[in-house]
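Novice: The chain contents come next:
Number of protein chains: 2
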Amino acid sequence: MTDTGQSVAPPSTDGVPVTRVLSIASHVVSGYVGNSVSTFVMQLLGLEVCALNTVQFSNHTGYGAWTGTRIPPSEIDALYEGLKKNELADFDMLATGYVPGDEGVEAVGKIARDLKSRRESGGEEGQTKFFWVLDPVMGDSGKLYVSEKVVPVYKQLLPLADLITPNQYEVEWLTDIKLVSLDDVASALTKLHADFRTPHIIISSIQSVLNNGEFVCVGSSMSTDGKPRAFSITAPMLKGPFVGTGDMFASLMVSRFRHAAADASLLDKPSWMSPDNIKATDLPLARAAEMALASMDRVLKKTGEARDRRVKALDENDYGAESPLKRARYMRAAELRLVQCVEEVRNPIVKYTAKEFKEGMLGL
Amino acid sequence: MTDTGQSVAPPSTDGVPVTRVLSIASHVVSGYVGNSVSTFVMQLLGLEVCALNTVQFSNHTGYGAWTGTRIPPSEIDALYEGLKKNELADFDMLATGYVPGDEGVEAVGKIARDLKSRRESGGEEGQTKFFWVLDPVMGDSGKLYVSEKVVPVYKQLLPLADLITPNQYEVEWLTDIKLVSLDDVASALTKLHADFRTPHIIISSIQSVLNNGEFVCVGSSMSTDGKPRAFSITAPMLKGPFVGTGDMFASLMVSRFRHAAADASLLDKPSWMSPDNIKATDLPLARAAEMALASMDRVLKKTGEARDRRVKALDENDYGAESPLKRARYMRAAELRLVQCVEEVRNPIVKYTAKEFKEGMLGL
Chain A
1 MTDTGQSVAP
11 PSTDGVPVTR
21 VLSIASHVVS
31 GYVGNSVSTF
41 VMQLLGLEVC
51 ALNTVQFSNH
61 TGYGAWTGTR
71 IPPSEIDALY
81 EGLKKNELAD
91 FDMLATGYVP
101 GDEGVEAVGK
111 IARDLKSRRE
121 SGGEEGQTKF
131 FWVLDPVMGD
141 SGKLYVSEKV
151 VPVYKQLLPL
161 ADLITPNQYE
171 VEWLTDIKLV
181 SLDDVASALT
191 KLHADFRTPH
201 IIISSIQSVL
211 NNGEFVCVGS
221 SMSTDGKPRA
231 FSITAPMLKG
241 PFVGTGDMFA
251 SLMVSRFRHA
261 AADASLLDKP
271 SWMSPDNIKA
281 TDLPLARAAE
291 MALASMDRVL
301 KKTGEARDRR
311 VKALDENDYG
321 AESPLKRARY
331 MRAAELRLVQ
341 CVEEVRNPIV
351 KYTAKEFKEG
361 MLGL
Chain B
1 MTDTGQSVAP
11 PSTDGVPVTR
21 VLSIASHVVS
31 GYVGNSVSTF
41 VMQLLGLEVC
51 ALNTVQFSNH
61 TGYGAWTGTR
71 IPPSEIDALY
81 EGLKKNELAD
91 FDMLATGYVP
101 GDEGVEAVGK
111 IARDLKSRRE
121 SGGEEGQTKF
131 FWVLDPVMGD
141 SGKLYVSEKV
151 VPVYKQLLPL
161 ADLITPNQYE
171 VEWLTDIKLV
181 SLDDVASALT
191 KLHADFRTPH
201 IIISSIQSVL
211 NNGEFVCVGS
221 SMSTDGKPRA
231 FSITAPMLKG
241 PFVGTGDMFA
251 SLMVSRFRHA
261 AADASLLDKP
271 SWMSPDNIKA
281 TDLPLARAAE
291 MALASMDRVL
301 KKTGEARDRR
311 VKALDENDYG
321 AESPLKRARY
331 MRAAELRLVQ
341 CVEEVRNPIV
351 KYTAKEFKEG
361 MLGL
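Residue numbers (the numbering used here), protein chains in the order written: chain A, 1 to 364; chain B, 1 to 364.
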């Protein structure tokens with residue numbers, strides 16, 4: 001069998017164009033992290049999701065105990081080769097989340113490079129540009145949960161990504177800037193655009209140090225001179241902790257940014273970049289973030305209420321001292337209520353809108 | 001960590017009862033078979049799906065070439081043990097599809113036995129009964145695609161199942177009755193109820209030998225004397241072949257039968273059996289089959305139309321002689337259009353309804 005590549009592939013539409021996404025992330029049998037949350041979210045929003053699972057675990061590792069296996073990097077390669085052999089690798093987008101180990105991340109980088117070059121070499125006039133949403137999953141809340149060897153690999157891959165969705169902690173690792181004030185955030189955005197030429201950045205949730213019960217989501221699309229066009233969205237902080245929210249937010253951004261870029265007729269532009277005359281608050285990235293946050297807000301509200309009811313029941317029963325089992329019960333109580341939120345994912349109402357973000361702002 | 005079992009588990013509802021299903025089947029990165037179709041379908045219908053993937057392949061084997069691996073039976077065991085350790089094995093339902101090899105099927109049988117006994121031993125008054133929907137995936141259209149050693153293992157497990165969803169060919173293997181006439185189907189139903197005490201049987205699609213463009217779906221719920229209460233639903237045959245339709249139908253039945261049994265207040269009855277005075281056409285199984293077929297009809301219509309457009313484009317381009325790549329292209333053209341069918345899965349309109357099925361009927 002010959003792999004003849006993208007250029008001779010049959011027409012990719014059936015009248016209705018469908019966005020085809022390769023989603024490389026973890027899978028858990030029970031609960032909602034990685035592909036176990038993002039597949040459903042993206043499918044609900046009409047994307048054709050091809051889920052390549054980097055691990056299959058019984059449950060997420062926050063429970064303390066779990067079973068299952070990581071797939072070796074060679075298996076990631078092999079699965080991708082199988083797709084290519086059957087001309088199934090004509091992806092419009094790549095979305096990547098947790099990948100175990102530096103070699104695994106390198107395997108993913110190789111796939112990204114190949115997908116991008118295939119689309120470019122086979123590109124017809126006006127064909128939509130390949131787009132990679134990279135969630136550089138490394139850690140959270142001051143804790144790295146991958147090997148430190150993964151950090152430089154991500155730094156190497158960042159110039160290939162079109163949108164990155166790091167959390168606050170991951171931004172610090174990528175930029176070596178400690179985010180203490182909003183000025184630091186502005187500096188970090190400037191550095192990310194400058195050092196890695198990453199066209200789009202979104203940091204889903206920076207907790208306000210004003211402790212006023214709010215958080216800030218900050219995003220930026222680079223202009224042609226490499227400078228940030230940054231916006232911020234402020235919304236009420238819901239009482240956590242939740243798990244899988246980063247994965248859910250990233251998958252919402254994949255779907256919503258595709259829609260917003262299509263609305264702005266940008267899909268055939270490299271990295272879906274907006275013209276320089278578009279100001280920060282008018283960016284498709286801002287529209288996408290508003291929609292994504294609107295869904296997050298509704299899903300987390302529902303999840304929080306359900307969790308509180310369950311935790312109350314757990315507290316009322318005397319389950320005794322701290323134990324692994326007690327930890328598992330409270331972990332489970334906090335799992336996302338995803339299948340209960342079809343409408344919240346598909347048709348959220350935007351309440352929190354993007355404002356221009358400037359150095360010198362207060363808030364963190 | 002101690003596995004304290006079902007009886008001390010925290011309340012399983014958050015105000016709204018959610019059906020929790022363990023779905024053991026295959027996973028493909030691209031396309032729609034096994035868990036790659038059934039997870040989305042069941043989630044769309046509100047079920048909490050825990051997908052345990054028995055294989056991860058790049059694509060389904062009908063393409064001729066694929067990559068990926070089967071997980072060994074020991075890994076199925078291990079994942080289930082991980083769920084138990086975290087008290088996550090409090091499933092309301094088990095749905096099983098393709099499992100590679102006789103040892104894998106045996107591992108699944110062990111899980112089914114354990115889930116059933118845990119629910120029974122921990123059962124409070126009025127608690128819903130555990131329910132296993134077994135799709136005895138063995139082959140289709142005259143071809144066995146598992147080892148012959150699998151057949152006796154399924155026969156051994158059938159008495160544990162609550163609903164089985166074999167296709168015509170699998171019924172023949174399970175009963176040793178060749179299905180030539182509708183009388184044969186009636187005999188097979190009688191034999192399946194009698195030999196295996198399987199409470200509910202549904203055979204999704206028996207092609208009419210009258211060649212009148214229709215197919216017959218036949219179902220039966222056993223009465224307490226072990227006799228069938230059989231109904232049939234006749235609907236127009238859509239031009240195939242399609243792939244993954246058996247998996248989709250089974251997952252629709254999991255969801256729809258749960259809803260229909262809840263409507264009839266049967267969830268706390270063993271195997272959700274209907275009282276003997278309920279006649280065949282009034283069975284919850286008949287309501288569920290009508291809904292499932294209504295969705296199938298809509299999804300396959302959309303799939304067929306999209307496939308025909310793509311095949312026309314493939315035919316117009318001269319892709320040359322038969323080749324593995326050509327086969328892959330036509331296979332892809334026939335993949336289910338699932339993400340395009342959210343409404344068709346959630347809110348189908350029933351057009352084909354259940355009629356009483358009796359020996360001596362014509363039609364096959």
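Mixed in with the good hints there might be a few duds.
[Unchecked claim] Stretch by stretch, here's where chain B covers chain A in the computed footprint (C-beta under 8 angstroms, at least three residues):
no., region
1, 23-34
2, 41-51
3, 177-190
[Stated by the list, open to error] So the derived list for chain A, only partly shown, Cβ under 7 angstroms to chain B, looks like this:
no., residue
4, 86
5, 144
6, 146
[What the hints assert, rightly or not] A short list of chain B residues far from chain A (calculated; beta carbon distances all over 12 angstroms):
no., residue
7, 180
8, 205
9, 267
10, 332
Source of the hints: derived by calculation from the structure; they are not laboratory data.
Ideal Cβ placement from N, Cα and C applies to all residues, glycine included.
Novice: With a Cβ-Cβ cutoff of 8 angstroms, does the region 23-34 of chain A contain at least three residues near chain B?
Specialist: Since three or more residues must qualify, the claim that chain B covers the region 23-34 of chain A holds, with 4 doing so at under 8 angstroms.
Novice: Are all C-beta atoms of chain A more than 12 angstroms from that of residue 205 of chain B?
Specialist: 24 angstroms, holds
Novice: Beyond 12 angstroms from every Cβ of chain A: is that where the Cβ of residue 267 of chain B lies?
Specialist: 19 angstroms, holds
Novice: Count the residues of the region 41-51 of chain A whose CB lies closer than 8 angstroms to any CB of chain B, then report whether that count reaches three.
Specialist: It holds, with 8 qualifying residues against the three required.
Novice: When you look at the beta carbon of residue 180 of chain B, is every beta carbon of chain A farther off than 12 angstroms?
Specialist: At about 37 angstroms from chain A, residue 180 of chain B clears the 12 angstroms cut-off, so the statement holds.
Novice: Quick check for students: does the CB of residue 332 of chain B sit more than 12 angstroms from each CB in chain A?
Specialist: 7 angstroms, violated
Novice: Would the stated hint for residue 86 of chain A survive a check requiring a Cβ distance to chain B of less than 7 angstroms?
Specialist: Result: holds, 4 angstroms to nearest chain B Cβ.
Novice: Within the assertion that chain B covers the region 177-190 of chain A, do at least three residues meet a Cβ-to-Cβ distance smaller than 8 angstroms?
Specialist: violated (count 0)
Novice: Holds or violated: is there a CB of chain B closer than 7 angstroms to the CB of residue 146 of chain A?
Specialist: Hint violated; residue 146 of chain A Cβ to chain B Cβ min 21 angstroms, cut 7 angstroms.
Novice: Let me know if the C-beta of residue 144 of chain A comes in closer than 7 angstroms to any C-beta of chain B, holds or violated.
Specialist: 24 angstroms, violated
Checked against the numbered hints listed earlier, the structure breaks hints 3, 5, 6, 10; every other hint is satisfied.
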